[in-house]
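With chain A fixed as given, assemble chain B onto it according to the hints.
There are 2 protein chains.
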Amino acid sequence: MLQHPSVQALLEKLEKQHNLSSILNLLGWDEQVNLPPGGAEQRAQQMATLSEVHHQLASDPTVEPLLQKLESDWDTLTQQEQTVAKQTRRDYDRATRLPADYVAEKAKLDSQAYHAWVQARENDDFAAFAPYLKRQVDMSIQGAEFLGHGENPYDYLIDLFDPGMKAETIEGFFSTLKAELVPLSQAILGSPIKAKTERLRGFPVEKQEAFLKEVTKTLGFDYHRGRIDVAVHPFCSGNANDTRLTTRFNEDVPLDSLFSSIHETGHGLYEQGLPTNQLHNALGQAVGMGIHESQSRLWENQVSRSREFWQFFEPKYRETFPDQLAGLSSDDLYLAINAVTLCPIRVDSDEVTYNLHILLRFELEKKLIGGELDVDDLPAEWNRLSQEIIGLTPASDKEGVLQDVHWSGGMFGYFPSYCLGNMIAAQLWYKVLEEIPDLPNDFAEGKFDRLLTWLRDCIHQHGKLYDTQDLVTRVTGEPINPQHLIRYLKDRYMPLYQ
Amino acid sequence: MLQHPSVQALLEKLEKQHNLSSILNLLGWDEQVNLPPGGAEQRAQQMATLSEVHHQLASDPTVEPLLQKLESDWDTLTQQEQTVAKQTRRDYDRATRLPADYVAEKAKLDSQAYHAWVQARENDDFAAFAPYLKRQVDMSIQGAEFLGHGENPYDYLIDLFDPGMKAETIEGFFSTLKAELVPLSQAILGSPIKAKTERLRGFPVEKQEAFLKEVTKTLGFDYHRGRIDVAVHPFCSGNANDTRLTTRFNEDVPLDSLFSSIHETGHGLYEQGLPTNQLHNALGQAVGMGIHESQSRLWENQVSRSREFWQFFEPKYRETFPDQLAGLSSDDLYLAINAVTLCPIRVDSDEVTYNLHILLRFELEKKLIGGELDVDDLPAEWNRLSQEIIGLTPASDKEGVLQDVHWSGGMFGYFPSYCLGNMIAAQLWYKVLEEIPDLPNDFAEGKFDRLLTWLRDCIHQHGKLYDTQDLVTRVTGEPINPQHLIRYLKDRYMPLYQ
Chain A
709 MLQHPSVQAL LEKLEKQHNL SSILNLLGWD EQVNLPPGGA EQRAQQMATL
759 SEVHHQLASD PTVEPLLQKL ESDWDTLTQQ EQTVAKQTRR DYDRATRLPA
809 DYVAEKAKLD SQAYHAWVQA RENDDFAAFA PYLKRQVDMS IQGAEFLGHG
859 ENPYDYLIDL FDPGMKAETI EGFFSTLKAE LVPLSQAILG SPIKAKTERL
909 RGFPVEKQEA FLKEVTKTLG FDYHRGRIDV AVHPFCSGNA NDTRLTTRFN
959 EDVPLDSLFS SIHETGHGLY EQGLPTNQLH NALGQAVGMG IHESQSRLWE
1009 NQVSRSREFW QFFEPKYRET FPDQLAGLSS DDLYLAINAV TLCPIRVDSD
1059 EVTYNLHILL RFELEKKLIG GELDVDDLPA EWNRLSQEII GLTPASDKEG
1109 VLQDVHWSGG MFGYFPSYCL GNMIAAQLWY KVLEEIPDLP NDFAEGKFDR
1159 LLTWLRDCIH QHGKLYDTQD LVTRVTGEPI NPQHLIRYLK DRYMPLYQ
Chain B
709 MLQHPSVQAL LEKLEKQHNL SSILNLLGWD EQVNLPPGGA EQRAQQMATL
759 SEVHHQLASD PTVEPLLQKL ESDWDTLTQQ EQTVAKQTRR DYDRATRLPA
809 DYVAEKAKLD SQAYHAWVQA RENDDFAAFA PYLKRQVDMS IQGAEFLGHG
859 ENPYDYLIDL FDPGMKAETI EGFFSTLKAE LVPLSQAILG SPIKAKTERL
909 RGFPVEKQEA FLKEVTKTLG FDYHRGRIDV AVHPFCSGNA NDTRLTTRFN
959 EDVPLDSLFS SIHETGHGLY EQGLPTNQLH NALGQAVGMG IHESQSRLWE
1009 NQVSRSREFW QFFEPKYRET FPDQLAGLSS DDLYLAINAV TLCPIRVDSD
1059 EVTYNLHILL RFELEKKLIG GELDVDDLPA EWNRLSQEII GLTPASDKEG
1109 VLQDVHWSGG MFGYFPSYCL GNMIAAQLWY KVLEEIPDLP NDFAEGKFDR
1159 LLTWLRDCIH QHGKLYDTQD LVTRVTGEPI NPQHLIRYLK DRYMPLYQ
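Chain order of the listed sequences is A and B. Take the position in the first sequence, starting the count at 1, then add 708; the result is the number in the numbering used here. Take the position in the second sequence, starting the count at 1, then add 708; the result is the number in the numbering used here.
Take these hints with a grain of salt, some might be off.
Said to hold, decoys possible - These stretches of chain B come out as covered by chain A in the derived footprint (C-beta under 8 Å, 3 or more residues):
| # | segment |
| --- | --- |
| 1 | 724 to 732 |
| 2 | 736 to 747 |
| 3 | 752 to 759 |
| 4 | 1089 to 1095 |
Hints in this document: simulated from the structure, not taken from any laboratory. A virtual CB, placed ideally from N, CA and C, is assigned to each residue, including glycine.
Pulled out of the complex, with its shape left as it was, chain A reads as follows (with noise of 0.2 Å):
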């Protein structure tokens, strides 16, 4: 599959930078869930000095004349090695391409940021933060520039998160969703049913942990490949040899730690199955942030908020928590895992409104991107959408525009990547159900192989052999439809609230 000559020489090359980089994915991980305050500063400068290493191996100038070699032998290569050899050629062409001071500035510019969107938000104080969005933006655009894509540099954003995905696509599917998750929403949020998760308190934390672990083992997570801790924000890191998952615990919002433990389950899943054997090199690896948001929604969503799920799950629930469950029905309690709230944080929304808050900030970013929107006038644009879009004119900044870290990090083409996720999810579903119509009563019996067992073949053991948009007709028949996902969450969500 890859013996071209070439590609072997690249192997060997990728091989060390991967062991690089997934080293210094572990000094992130451990900077959130072990780092002694003190050690902040060494931590800094341990990334530091092990990116420029990092850096070097990529930017080798031995690997040019290797993809050069690659590209014109291109229609003599099997598919594995044009798929190595294109990963090889957008990594490399990215080390190489950005000057070296573009590069410092950006490094200092993301902790400079970063710091001062933390104080903004704190004293919510947008201008504060304005000046280093705005060079947030600039600094964006120049490297789209660098890379060649001048032209359409918020295409050239959001193909780093999804490769082949275009803005215009996106923006189909999303005014598309608008029209009827819109109605859809207003419509539950309208309803009397109303989920009663203020009754959810006092929930230990060494039970909700050992509860979580055996769900996420039952799902199918490889604990002999993987571990879960706490930290401040919900994650998924490592790779299949060795898969990082943390949750945080609140003895009063236990749904959150179960849900989003779930949530990163479904992403270690995927990491899990990526072929082990191919991991330094595309043909192990994630297709992108669209797909890799599509398993963790899946399993949250799809299988974990399901009636058969918690057949299954409701009455070690219940032998966990007697007292803290007592008062509530069934019914309650699917319900509230069900909830729907009007909430203007994207991160504490359920699966109907979060949606909402993913086509709002698709909608800035384009315009900030493409010189239609100014930073200074982004509160007012982000209360006068979110006001149309969600239904909620935010209190403060701090609950609006502030809330998010990521433009903090110049990371504008990020967030459409989160609904491309759940319209998959909803897409895979759908094909799953079709091919094995009985799978529900799997899990109603706390049986997930026959789910997993169809995602290892349909997406994890293909790595990036295919683009997001290719693997997904591939498996389902069609491209990316976000009927899937209005048609999922209608079916769910309008017999539970009507």
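Only chain B this time, still in chain A's reference frame:
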């Protein structure tokens, strides 16, 4: 202090090297504390690649002319500059004379052999570990040869851990100790007075953890710059910015967790006392293992097994474990803390017989490295010498030759440091008592800052400015002298057991 332009140029390079070596150190910590078993192979690869990169920096050819310049200006250098130059020469020679493939192979072997040792110990199967141990012996001898010490590889290995120390000097100390401590331990073991350690049972792990955190914090360990976790083997890792201790818990052996934590805290206090503004060079780094071990032993034994220490902590201990300690008088408890027993396991041994375990290992590794003993014959020779020195034959290799991690990492020449540490600790102890005669009264009030300040001033602040023997002489007025340890053990144990 460090103004010579060549020293300045070195410092920049040393900073990057230290950043990478501290990452290697963290990877080692993570391997023992967090790594899922499935990640072992990847960790070996990560460490091999990072070691290779570190080796490239450490063998940077531009270092040689800087060192030569410093060596030609030697008499004009400050003592601090000489220290940095001397240590850099030492490290540089090690880096340039060891071929890159040797270094990479060694790093990989270290990781593989560690995992093989864990398995072998679990299965009591020395034969499964033997091939790795043979390779470690061979690679150690080979390493000494590369560095120009092919004639005296064991001296070279000892010097790695205790700069300036020789096997012959140690042999002199150890024959004095053997002559005095074998009869002392036999006398104690023959005494009708027996510690009732078996009555310490059922100490819940969380309470043990809380208590030992209180103790280690009171001793002065700074948790803002450090942490403590659970690992198979207690150790101290990291540096002054981020000092990581480990311990292990057993509900029925509570004193083990407590005293091993205090021991590691002693190491941690040394690390945290090194000058943080010099961490990247010799002035901010520990002298060697002997001095390091003197710090851990002094806090563990002279301080924390004293009557005064327990005057302060006994009430708190009883408050934490009222039921568990109910049947034990203060004298019973104090005797349990200073129990002397015939035990096959080094790390479970008391401070009297501990030294005998080191004498055993010193004899064996001297023969292994000297080519007088084959790895295959090691278990039999271990058992024979164990009977002669300690007075028992272990029931299995698990309790004998497989008990320690060190040799799996090729760390021959390390064990003697433990006993050097015991000797130095006793010597420092009598010195500080001479200078601050009422010091033990501090302990009875839960105050440890006068001792810590004395250690900071005499030992910690100097980094590697003095070699082991020079430092001991400077502080105590004489080189290492085993009589202090003998005096201390007799002072403490003869009244207790007669």
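Hints and how they fare:
With 5 residues carrying a beta carbon less than 8 Å from a beta carbon of chain A, the segment 724 to 732 of chain B meets the three-residue requirement, and the given coverage holds. Only residues whose beta carbon comes within less than 8 Å of a beta carbon in chain A count, and the segment 736 to 747 of chain B has 7; three or more means the coverage holds. For the segment 752 to 759 of chain B, the assignment as covered by chain A holds, since 5 residues bring a beta-carbon within under 8 Å of that chain's beta-carbons and 3 suffice. Coverage of a stretch by a chain is defined here by at least three residues with a beta carbon nearer than 8 Å to that chain's beta carbons; for the segment 1089 to 1095 of chain B and chain A the count is 0, and the condition is violated.
Checked against the numbered hints given earlier, the structure breaks only hint 4 and satisfies all the rest.
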